[in-house]
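Colleague: Kindly produce the complete structure, drawing on both the sequences and the hints.
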Amino acid sequence: MRTRTLRGTVAAALSTGAVASTLVLSAAPASAYPSNCGSALRSDGVVSAWCSTGTGSVSAVAGCEWFGWWTTAQGPWVGVATGASHVSCPWPYSPRWTGFYARD
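Read in order, the letters of the sequence shown are residues -32 to -1, 1 to 72 in mature numbering (1 follows the signal peptide of the UniProt record, and there is no 0).
Think of the hints as simulated: they come from the structure by calculation, not from any bench.
As the structure is a prediction and not an experimental result, all values here were calculated from the model.
Heads up, the beta-carbon is just placed ideally off N, CA and C, and yes, glycines get one too.
Heads up, a few of these hints could be off.
For each label pair, taking beta carbons as the anchor points, the in silico distance ranges come out as [said to hold, decoys possible]:
id : residue 1 : residue 2 : range
1  : D72       : W37       : 28 to 36 Å
2  : P60       : N4        : 16 to 24 Å
3  : W34       : A8        : 18 to 26 Å
4  : Q42       : T21       : 20 to 28 Å
Modeller: Now the structure itself:
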């Protein structure tokens, strides 16, 4: 299994003034990265990550903040063909950016 950082992108600021961004870390085959994979913050505060096609596994990642203190949370590895990975920030942290790890 290879591991390397391939790309990080920044999304628009949230209406609350908090900055959201997407972090993409991948070692996935070209068929599963980057246009076939994504991550998003659901309305219930859960971060989901998925790949629509390809092989390998994907894991959701959340950047979590609480009054200037930061941590990250990582969801379980899920096979691309199986579905999406989900993760929540630990209490009392709130998600500030979403992303995913992908591997072959």
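Colleague: Each hint should be assessed against the structure and marked as holding or not.
Modeller: So, going through the hints one by one against the coordinates:
| no. | hint | in the structure |
| --- | --- | --- |
| 1 | D72 with W37: 28 to 36 Å | holds (34 Å) |
| 2 | P60 with N4: 16 to 24 Å | violated (35 Å) |
| 3 | W34 with A8: 18 to 26 Å | holds (21 Å) |
| 4 | Q42 with T21: 20 to 28 Å | holds (23 Å) |
Of the numbered hints stated above, the single one contradicted by the structure is hint 2.
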